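Colleague: Chains as they are written, first to last, in the working numbering: chain A, 2 to 340; chain B, 228 to 782.
Source of the hints: derived by calculation from the structure; they are not laboratory data. It is possible that part of the hints are untrue.
[To be verified] Below, a list of computed lysine-lysine pairs in the PhoX-like style, where the Cα atoms sit at most 25 Å apart:
id, chain 1, residue 1, chain 2, residue 2
1, A, Lys-299, B, Lys-233
2, A, Lys-79, B, Lys-605
3, B, Lys-483, B, Lys-518
4, A, Lys-52, B, Lys-367
5, B, Lys-483, B, Lys-629
6, B, Lys-233, A, Lys-116
7, B, Lys-483, B, Lys-308
8, B, Lys-367, A, Lys-79
9, B, Lys-556, A, Lys-299
10, A, Lys-111, B, Lys-713
11, A, Lys-277, B, Lys-313
12, B, Lys-621, A, Lys-79
13, B, Lys-240, A, Lys-116
14, B, Lys-313, A, Lys-52
15, B, Lys-600, A, Lys-324
16, B, Lys-561, A, Lys-299
17, B, Lys-561, B, Lys-516
18, B, Lys-629, A, Lys-277
19, B, Lys-390, B, Lys-516
20, B, Lys-556, B, Lys-621
21, A, Lys-79, B, Lys-624
22, A, Lys-277, B, Lys-308
23, B, Lys-271, B, Lys-240
24, B, Lys-367, A, Lys-111
25, A, Lys-277, B, Lys-760
26, A, Lys-116, B, Lys-600
27, B, Lys-233, A, Lys-334
28, A, Lys-200, B, Lys-308
29, A, Lys-334, B, Lys-518
30, A, Lys-52, B, Lys-371
31, B, Lys-294, B, Lys-313
32, B, Lys-240, A, Lys-200
33, A, Lys-299, B, Lys-271
34, B, Lys-308, A, Lys-52
35, A, Lys-334, B, Lys-713
36, B, Lys-516, B, Lys-483
37, A, Lys-324, B, Lys-556
38, B, Lys-605, B, Lys-629
Model, not experiment: these values are computed from the prediction.
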Amino acid sequence: MNQKYLIPLTAVFLLFLVAYTGVEGAGLQWFFGIVFPYVAMIAFLAGFVYKVLGWASSAVPFRIPTTCGQQKSLPWIKQNAIDNPDTSTGVFVRMVLEIFLFRSLFRNTKAAFNKNASNRLSYSWEIFLWLGALAFHYSFLVVILRHFRFFTSPVPSCIDMLEYIDGIVQLGLPGILLSGVVLLAATLFLLARRIFDAKVTYISQAADYFPLFLIIGIAATGLSMRYFTKVDIIDIKTLTMGLVTFSPTIPESVGGLFYGHLFLVSILFAYFPASKLMHMGGIFLSPTRNMANNTRAKRHINPWNYDVETHTYEQYEDHFREKMIEAGLPVDKPLDKKE
Amino acid sequence: MSDEIKPDELLNKIDYGPTKKSEPASWMDTSTQIRPGMYCYAAKAESVETLSLPNARPWNPLEDDWKLPDNWQEILHQGIKERLEKFRTFKIFMDVCVRCGACADKCHFFLGTGDPKNMPVLRAELLRSVYRNDFTTAGKILQKFPGGQRLNGARPLTLDVLKEWWYYFFQCTECRRCSVFCPYGIDTAEITIMGRELLNLIGLNIDWIATPVSNCFQTGNHLGIQPHAFKDMIDFFVEDIEDVTGVNVEPQMNIKGADILFITPSGDVFADPGTYTCEGYMILFKYLKDKYDLNVTWSTYASEGGNFGFFTSHETMKRLNAKMYAEAKRLGVKWILGGECGHMWRVINQYMDTMNGPADFLEEPVNPITGTKFENSKSTKMVHITEFTADLIKHGKLELDKSRNANRIMTFHDSCNPARGMGLLDEPRYIIENCCDHFYEMPPNTIRELTFCCGSGAGLNAGENIELRMAGGLPRANAVKYVHEKFGVNSLGTICAIDRAALPTLMEYWVPEVEVCGIHELVGNALILPGEKRRTEDLRFEPLPGVEPEEEEDE
């Protein structure tokens, strides 16, 4: 059990140290600031596309949505058009709610068994996983969008706007940006759940801890640059703009902490397609959610449908003809007179 | 039944904390012990042979040697590879699980046994661990390093792993409850279906599935009831119904040119209390024949609505299901009406038309009595009997005497497949409300799409795995107990033949005061047949509420 999170934790530390010492000690800025980010980005894009195409190349032989409400039935029975959609509009709404609001997770309950007293099983609404997941994903999204200020010049006004809203709680100097803090807190919550909830501990793999530690590392290095150690933003932007304009340069004054941060981000990108993080793409393609429950009204085609051997009525009647006639059941062919 | 585990003993075993001190911390290190009471007997060789399925031979799961083909690993590897290409569900569900644990305590088998490998996520991980090892780039690289496999949560497909698959894929009833809660819609039923399909490639089915499949293929129904015996059983019901109502309701069998072909699970013909539901159908059809001249025919060839092929492989499902359309075509009916059954309707709703359609020789179903077009089944051309009956009631076409069911204080168990593979929720409720005075719902977390399985579905309704069934049925029984204690509920309605077979045992075990009945049993009791005598008994030959028992002895 310890191994499952100690190894990923150590790995993230080591990765950070590799970049930090690589830059501070060996002067490998060009590698951690230019080569690896490009490699990671290529791995991410190629891997992502490869994975999604792989899924898309698999057939969808049957239309098997999980229905979570009343079907379309008689006109006077009220259908649940979102949780049991029969049209693509319904499916679209269902998917939007799933992707943006994690609707299925919102249903989460916690079961408890009250032994002895009543021997009753009870189920209570369990919203924290949903809240934690939502906080994590949205804060991460805002953080990523905010970082576009490093990759655009001039910075689009929508990014400025986003940052303004993110900093609406004005505290300290430089002003607190909520997203970064929420991201770190939510990730720590998700980690705590894995470590302290016995069931979740039991099902967790190293591959579940690694991305969490990685993101904690990214958030922690990012926050410390912004609030504590302070870095030269102008120089960093020179580097990042160099990357997106394909004319990479290494500015002088940027230190190891930044390269550590950048390296962890690069690792996250490179690791993404090979990992469970691909749920980001998978959620769009999940056949139990993205299909309409209208198979009885509209025939679904299985691209590899093939003929099978069946036991025909003729074979059946041949087998039972005498008994059928005796029982007064109609038959297609009369009994052979010869016997 | 004497060596059967007592309810209290079973309850004492439940512990949702997965790591017992005595056990290894990783689930991969716990070896699977195949325990009597929790598994079903192996498929008999002759049943496997009927459909020419692979590796028919006698074998025993408790013995070390499962008599597998020498290249079983290769067969399974190829089998997985092929299915990853044929089923997008399988491929995506192997890749995207984040192990958030939302599904963990949603499975009735986990809730009833506390066995961590019954958490849906772990059931899938049994397969995923091998997938990660053999089918992913990361897995192929990492297995070259010491400890790399473990780090990746991967493992090779060994005999122990295979036995674990077999044990746990036959501890899943494919109920899909976990899938409702999964943020990516990962459906353990789909994983179990793949798992069982793979196991069948090397002849590892259970007999409670293989023999019904063989029977169904040869004889037309799971129970192997031959045509004349089928007719005998129906005749027997005719006599019973005549005793109760004074009306001869003899149905039509194998009649060409009837309006509608009716297909229901053979369990309804075979065992109580399904038989009373069957009598309900017969009374309804007689009523419709007399009042509205509607001709419904039964078939002995297609005398099985259920489809245990679904629990074997997609191909076997298709082979058994083909009979429905073939028979409808031969008899020249307009459309097909299907009886109360769970997985039968999953197959009809989500597979039949795709597999064995298009049914262009049938008409788009219209209720000739009410004129209602069944828009939702215009391609498959098969209508669920509760849709049909609800429509008749809504249009005031049935004369119902609710008071005959006044002794029934009802609750309704949504069967997994109609709930989560179809969404047939309000139709049966509407019928209950029109046939009974007293109806109480179980707690909201245990009904409709959140319903709990009977614990015996997907071919697990055997006798030898009784502990598994009683444990798996605990969440359902617990909710019934709640309404029994709170509202005095004494009847559990259901629209599934497996439920009607499994729930009486479950109720006897956990809530003995509650009886199980099908919805059309209620209809059969309430429906006033033209020319019937004054009824004093219900279809179970029990005195009708409000009728003096002495009256009967008058004669």
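Colleague: List in ascending order the numbers of the hints, as given earlier, that are violated by the structure.
Modeller: 1, 5, 7, 8, 15, 18, 19, 20, 23, 24, 25, 26, 27, 28, 29, 31, 33, 35 and 38
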